[in-house]
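Given the coordinates of chain V, assemble chains U and H onto it according to the supplied hints.
Protein chains in written order, with the working numbering: chain V, 1 to 270; chain U, 1 to 281; chain H, 1 to 359.
The hints are simulated quantities; they were obtained by calculation from the structure and are not laboratory data. From a predicted model like this one, the values you see are computed outputs, not experimental measurements. One or more of the hints may lead you astray.
Among the chain H residues that face chain V by a calculated CB cut under 7 Å, a handful are [as the list claims (entries may be wrong)]:
#: 1; residue: Phe68
#: 2; residue: Pro88
#: 3; residue: Tyr89
#: 4; residue: Asn94
#: 5; residue: Phe97
#: 6; residue: His105
#: 7; residue: Tyr114
#: 8; residue: Gly115
#: 9; residue: Val118
#: 10; residue: Lys119
#: 11; residue: Asn120
#: 12; residue: Pro122
For glycine and all other residues, C-beta sits at the position ideal for the given N, C-alpha and C.
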Amino acid sequence: MKASSAMRRPRLLGLYAAFVFAFIYLPIVVLVLYSFNRDGVGGFPPGHFTLRWYTQLFADSSIWDSLLNSLMVAAASVALSLALGLLAALALDRTDFPGKTLFRRLVLLPLILPGIITGLSLLMFAVFAGVQLSLLTVFLGHATALVSVATTELFAGLQKLDRAQEEASLDLGATPWQTFWRITLPNLKLSLIAAGLLIFTLSMDEIAVTFFLIGRDNTLPLEIWARLRRGITPEINAISALILVVSVGLIVIWYHLRARSLGGRSQEFL
Amino acid sequence: MYSRAYKSLVSIPPIAWVGVLLLLPYALMFVHSLWAVREGVIVHQWNWENYKTLFTNSLYAKVLFRTMRIAASVTLCSILLGYPLAYYLAFHAGARKELLYQLVIVPLWVSYLVRGYAWKTILGSDGVLNGFLQYLHLTHEPVGFFLYSPFAVVLMLTHIYTPFVFLPIYAALEHIPRPLLEASQDLGAGSVQTFWRVILPLSMPGLLAGATFAFVLSLGDFLAPLLVGGPSGTMIANVVQSLFGAAFDWPLGAAISVGILVITISLLFLGELLEKRWAFK
Amino acid sequence: MSASPANPPQELPAGSAALLEARKVAKRFGAVEVLKEISLNIASGEFLTLLGESGSGKTTLLRLIAGFDEPSSGEIWMSGERLDLLPPYKRRVNTVFQNYALFPHLSARDNVAYGLRVKNVPANEISGRIGDALRMVKMQDFAGYRPSKLSGGQQQRIALARALVNRPQLLLLDEPLSALDANLRKQMQSELKSLQREIGVTFLFVTHDQEEAMALSDRIALLRDGALEQVASPREIYAHPSTAYTAEFIGQTNLLRGEIRGSMVRCGALRWPLEQADGPVIFSLRPEAIRICPDGGRQTSEAAFRATVRQQFYGGSSELLEVDCGSGQTLRVRIPTRGPLTGEHDFVFSFCDAIRVQE
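Bound-form chain V, shown alone (with noise of 0.2 Å):
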């Protein structure tokens, strides 16, 4: 762009954008500054600061229980999907087979379709083969939900990959089996990364399709949300800051890696 004219455009915009920026941080703000408030979650201006609803919440054994939970079924929903997006992903890229479009777009629709669905036609599922409802079930819908994620990502991955160098891996002498572990599973190695931390935050956080899967143990996001329609307490401010300090520490692990591993372009995400 001319520089001339681009001088006085930004202004305008740059206000514009920072405002926009302002309104997605909002929010988060407001919420990591009243877990620190005495009075509440209400009123301005914030008042007293205290650590109360932080240690409150560290004695709530539900809410441990609820986090364990979590984690066991965002760890499980990793692994299967990791695996099962790697095969899709491969067999995407190189077989073809009557039928694949439709795999595909099978594939690929969870990742557009509201939860709701992906939720309710699973527990028809449940209630079809019997099986009763638990974190076994709630896994099983994570995993379903989120081989889209693997899937999409790894494939990018693939893409990328050079295909001359399996074939330089062939051609010097390995086998397919060999080139698979020594060639293309290191080179998608930030794909698989990517898409893990993406499937973990994404599992943890999941809470459309988990809502009717959901058997005795609860998840932590079910168990905010039980609290929520008792009522609001700072409690589920300071749980949501954690939430956001958290997540916010797996980006900048993520980026730092990404960084170190490539130093090149990293505008890759979804």
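Chains U and H alone, transformed into the frame defined by chain V:
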């Protein structure tokens, strides 16, 4: 280059997975929609009643239209917020582009529930916004419609989906080769014209992708209404949810779900068609 | 091996045995025939270049020999055994890829060691062989670097070392120099040639650059639309092109079209005697075979013509003239530098420099 065994190994497990955990459940859902409920129990009586109800009962039509309006508002607002932001980052952010991009991404990682809850606390009668307005003596009583209204739902969902709409638009804008813009100016078009004639058309696929995403997901959202919608902000997914809950009518709920599924798939196809027409290489 | 349009007569360099034999190898992709029943022998220890435009099938043939594709029909034999039935990792053939295909997550040393490690060569032997391979390409100081830290030329050497360390019977090079800039290219050409001479491995080199092919090869196999146009040494192919296509592809030439009548060749303004049957003819006449003959000093074995200089391109050591012989017949003439020329001049060329070619 890949043997038969390799190809079978990689394609069979995912196909099996998709068949059992996606196709089969959708089929089950469709089957359920053709059944009925008699005296609190689901009976396998094949009929189209549920679909008839959907089309004739005005209650469902009303909620559906409200849902569509909300989804459309969310999509529009997200675009109005997300596009200029993406534009600014792509063309004017200079050295800080990368950092700002990450800053936009950060909220995506923050829990949906957390963000929804935050709005709840801000918008309520005792909430931060009202407190702020009263503090500034702009109002003397709490304003009611901030919370428990369609307005609140639109606000919350816009907040959720603006980054989602931003992402594909930004990617599309970044993909526009800068020499094209220089050529446009060289040929006499100013910034505004260049935007209309070059930038906007070339960013359409990204815009479309983001808009479809925001619209479809808003359409099927049931959590936002429960958090901040109140009775006047109920959406179609809430109806479904209650039919699977207290109002126990799985077949009817399944029918509505099938409807949502059909709408989603139709919009996806529409999006693809439009994208093919607008695709440039 | 019988000669046919797709398989011109080929002579192996004197005193050498065939290492690789392609027998009527054809390749189809769907309805498109990319290779049309090629038969080609490669002699042990020779530097053979597959030369052709893009789409000529040269890369396809290379990939068939490497093992990344299967022939639609025909056989490939190496050292007395069927090669095309083996998967790539069992062939004693290694490839230097066009964009090097170095493994980005491995250092240069580990890249070179790769082929040895997957075949479980003992570790002490590996380090010795890596050292030799790196020294051979003069990259011993860069062993610990990742490919992303190396320049194009350096990556190319590592790719070469990685392939050669496996002691292949045949080394395939897929346009390895095309990504390098002109100066580096010339340097690498020289190094490749001397390397091949030194280690004696058979090289099959693919390129579209005819100058490169001429400079490096013991023999050139010119491919056109999936068939072999001519297989011969660079000198032979330049001096005696068999077809018009070959004459124009390799170096520059003037294609003279005309006829023989009564033992005289008539091509436009050019006439000279030739004892051959009457009929239409095409001749290839190289620009440097024509010289200016100012004062009628022509030999009996030379033909003469008069033409007007239309364009003159200065080339440092020589000049290229475009001359008009009248009736629209234009020829190109290359002469040693002599300053600006205009107007009509007399030109001569030897009869035997006009090579008769097929269409």
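Provide an ascending list of the numbers of those earlier hints which the structure does not satisfy.
11, 12
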